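Visitor: With chain D fixed as given, assemble chains G and U onto it according to the hints.
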Amino acid sequence: MNDLNLLWIIQLAPLVAFLLIQLLPKNAKRTAPLIAMGAALLAALSSLALFYAHRDGNNMPQQYIYQWLKVSDKSLWPFVTIDHYVLNIGFLVDKLNLLMITVVTVIAFFVHLFSYYYMAEDKSRARYFGFLSFFAFSMTGLVLSTNLLQTFLFWELVGLTSYLLIGFWYEKQSASTAARKAFVINRLADLGFYLGIVVLFILTGTLNFTDLNHEFLRQMLPASTLTIIGILIFMGVMGKSAQFPFHVWLPDAMEGPTPVSALIHSATMVAAGVFLLARAFGLFSSSEITLLFILIIGTLTALVGASLATIQRDIKKILAYSTVSQLGLMVMAIGAGSAAAGMFHLTTHAFFKSLLFLTSGAFIHHFHSNDIWEIGQRGGKRDKVAVAALCLGLFSLCGIFPFAGFFSKDLILEVLREHNLFFYIAAILVSFLTVYYSFRMLFVILFSKEKKDMHAHETALAHPHHSSTGAIELCRVIPLASLAIISVVMGFLGTGWLDSRLLLWLGGEETHVNSELLITTLILIVSGALLAYIFFKNPETAETRLTQSRGPIKTILERKFFIDDVYEFLTKKVGMGIAGAFAWFDRKIAKELMVNGTAYRILDLGKISSKIQDGLLQDYLSWAVGVGILVAFWLVKSNSGIF
Amino acid sequence: MSQSLTSYLFISAALFSIGLFGVLTRRNLVAMLISLELILNSVSISFMAFNRFVFADKSLGQVFVIFIIALAAAEVSIALSLILWLHRKKGSIDIEKAKDLRG
Amino acid sequence: MTFPILSSILLCPVIGLILVLFMPPKQENAIRVISLLSAAASLVLSLWLCFHFNSSNPAFQFVEHVEWVKSYGINYAMGVDGLNISMILLTAIVIFCGVLVSWTVTYRVKDFFANLLFLVAGVFGVFMTTNLFFFFLFYEIAVIPMYLLIVVWGSTDKEYAAMKLTLYLLLGSALMFAGFLYMYSLPGGHTFDLVALKQNVLFTPEQQNILFLGLFLGFGVLAACFPFHVWSPAGHVAAPTAASMLHAGVLMKLGAYGILRVAVFLLPEGARHWADLIAVLALCNIVYGAFVATQQKDLKYIIGYSSVSHMGIVLLGIATMTPTGFNGAIFQMFSHGIMTALFFACVGPIYDQCHTRMLGDLGGLAKKAPIISTFFIIAGLCGLGLPGMGSFVAELLVTIAAVSAYPLIGVISIIALLITAYYVLSAVQKVFYGPLSPAGEHLHDIGAFQFVPRAVLVGCLLFFGIFPGIFIEWISVYTKTLLGG
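Residue numbers (numbering that gives the first Met the number 0), protein chains in the order written: chain D, 0 to 642; chain G, 0 to 102; chain U, 0 to 484.
One or more hints might be untrue.
Computed, partial: chain D to chain G, Cβ under 8 Å [to be verified]:
#1 Asp55
#2 Asn57
#3 Ser609
#4 Leu615
#5 Gln617
#6 Ser621
#7 Val624
#8 Gly627
#9 Val630
#10 Leu634
Because the hints were derived from the structure by calculation, they are not lab data. Note that the structure is a prediction, hence the values are computed from the model and not measured. Where a beta carbon is used, it is the ideal one built from N, C-alpha and C, also for glycine.
Bound-form chain D, shown alone (with noise of 0.2 Å):
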């Protein structure tokens, strides 16, 4: 079984999937989620096998190259001269796939399993199986891709399965709006990537990642040039993974059913624009004032994402704006240099986000709410194995030690120390923030009293919990389990125990424990969860106390920003106002005046010449006499010298 081979299962295996379902008779259809997650186990372990295989780092990078279209034979830019332009699709094998490519598959095969506890009771469970094995496909193109342009190719498809699974239940008026809110606004970044890709192409004739180095770049392009390509590259990671002032369609995607979430926006597809600026560091850090813009952009998603979690009751809005905010982490992380320090953390990221978006999807299905003061009086507390997971994944997020996320972010916050104060300063308010919000989160559930709501009471009652069935239960618990076991083991392979193994396989460098750090930490750790226990010890006053109190601050973050608003501006007012002027232009210029009046015109001209025609011989005769005058006069003049 060789690389290629695998490759191919991997990439095609979701596919196949996808077209089974789609072809499946109608009373077959309950086959759906065993197929989906037949394949997603298929892809898991042909990556993990082929991790294996790589597993000491050598002969990478390989490439498998297919030629697809043939663009130009001659040069395309005065001065430039490349005179062979061709695109190509393939496959790319080195240390940052193999990676990602493990985590996403592995990621995607337990929330294919905790969706057939989620979904089961869904009549469309076979659509909502087919979609996700085709996100699996695109997103598998999209990791494996050997050029800028496969990747703007599956960033597409990635994002139209994203628009499919939000407005999986397209019944409800604001889930298809949030999933065409999520679309338009990747697509408004995308016009920056798409038009970065065709202006790169053109000067450099080139878009495949083993070129795109430092060294290439800088000799074949001036530096304002790099910078321009560099940012409308880098609009597209904004849109992709929701950075400010793009990130608005983050929070509205959580319409979609929650292993969507769990999967797509906090694992994965909201990933890959960091995985983008990984993969494509070298074009990025071929102009320092690209890196310096990913830096600032990425702090002010950090700081917008966590401010903003911090007022949301929802559960799962709580853990969007949360997923922007570590987004933002990590790209400043690699704003700052340190694409491993990025990418390290978009790994334990990926392992406890899910984690926490399936735990939030038990809860929800549990208790039927969204709302953490409703699971906390319905009982949140009780679903242990739901806690646990919670509280495991939680810590992972507030950077807790021996959790994952205290290494990653540490690192981050290392980077960031020795890059440039201000930055660190922005990223430490950004902990405390996020350490608030988590535990704001977690008193609210737990401190709740049980209050005997008959109504639910009697809801969860009639409702059948699968609790009975024993595939279903599994498919919940393990999950959640295996999740968290990563979670917790992930950040060891970052330290100095096992070697840095995971650093040094991304490229940075071995880890020092620094002392100074680990005390800001702890000490923004400790005063992050008191304010949360004094705000939130009891959350029954503590729901009165918000939603009575006024103020500025408060204003601003419940109108997040005034972001929304802005766009709203921008659409309505803006670009419906140009196209309501081209409707006008439409209908009374070019219709009205060139058509219309052309035609009326000519109708009147003939009312006019019809005036002739009057019915009186005596008119007739004077005109043939007149006529005939003026021709016996010419014809004499020009026959004879007379006149």
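Guide: Relative to the frame of chain D, chains G and U by itself:
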């Protein structure tokens, strides 16, 4: 009064113009017909004049005049019968009334 | 003599037409079957042609030449090269699917299919001929049945739309023919044969400029070039489904085809002279068409303006005057043709059963008719340039060519991607998602038989989206030699 071609042509032209003027301006159809006869007669004079002063040995002009007289008679009979029919239809022989064929 | 494949392809709809005309009007099913068989025959022959086409030969292949009026150079001449092979295939696919989709027409079935076949014969003729006189002849044959189809079987505002469409197209053809006659009258001319004109007539620069402008305007009207595009959305809306499929899918491509085949081929200098203007007009098409589409409330109007926008991409590709741009333009002609045929094939059943196309009246149709919804969404995704389908490749090629030739225009044209996504997804949301509207109560989905034509269209889109190399191979030799390079 000298007897030359020009004076006869003058008379012919004058009669022709009077006739033309009558055809174009008279409202009464019979008056139009009379003017038309005038035109025809003016042409006859002109033919006779040319015959007498230019081609004295031939008789073509006189033959033509005979033709014209005969044709004029035939044409007038048809025209008068049409006027009679029009009078029956419209109640008048005013040409301003006969403008049904218009655009 | 080699088998006259081109005339055979042309004959299929003609024979079908004659047979249909002789059928008694009551035999509706027989008429439908005859039409289907003739369409299928032309499709099979076109596919055969594609397989036996030699991609590396720049000259015309499968040439047929029969002299008709020798002294005026009017000959029945047919030939295939990189440019029209894809158009012939496109026409064959669209008519095959169109006939299948029209199975549900019940009013005056015989006349309907007669007109349809007549129309297709004209279109095939235009694409295949290399003699300008026959080009004009077949073009007129293609325009007249369209009028009848719209005015008898159409819907919204059909009399006005049919008249507007026909008069506008005839205006275009008048300009076109005037150009042909002028070329005929030049020294070295006295023929209507395309290749002979190219070889014998020496055009002075002034002649090139004026002639190209005239020809471009004549063909541009047909290609819905801004600002002569208004006949197109109205025509789209009023025509019955199969006629819309042919109109948007094939008829509009006649214009762009004419520009390449006649204007750019014979008058490259003139083309270069006017290229800037064409690029600007194309940009107007792209951006203006997309923006106006967002304001429309009628589903077919949205598709109509989206067609205007996509034809802009074709024109922009032509305006770049580079092989890459031409490749993109021809590819876009093909994939847009298929995509828009698919769009109309989806809207047709909805209108037939819900009796409305207004976004406000429709809603939640995905619940009742998931298959139609899926096809429509696929068409929409192709329209907004989703990778994996032909449109993406076409737009990519045109964008690369445009950014390299007219950087500012190329950059602005990218905005269309965003606007198109907005109106397509808004339309999809209003029509297919959300709660079920009263208009959709009696909607039932299409069955297996009607599944076939739409599946064929989707298959074509996917095939050429995943393997664009095959298409480019057909046309690249032609585009390289078009400008004499």
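Visitor: So which hints don't hold here, by number, going up?
Guide: 1, 2, 8, 9 and 10
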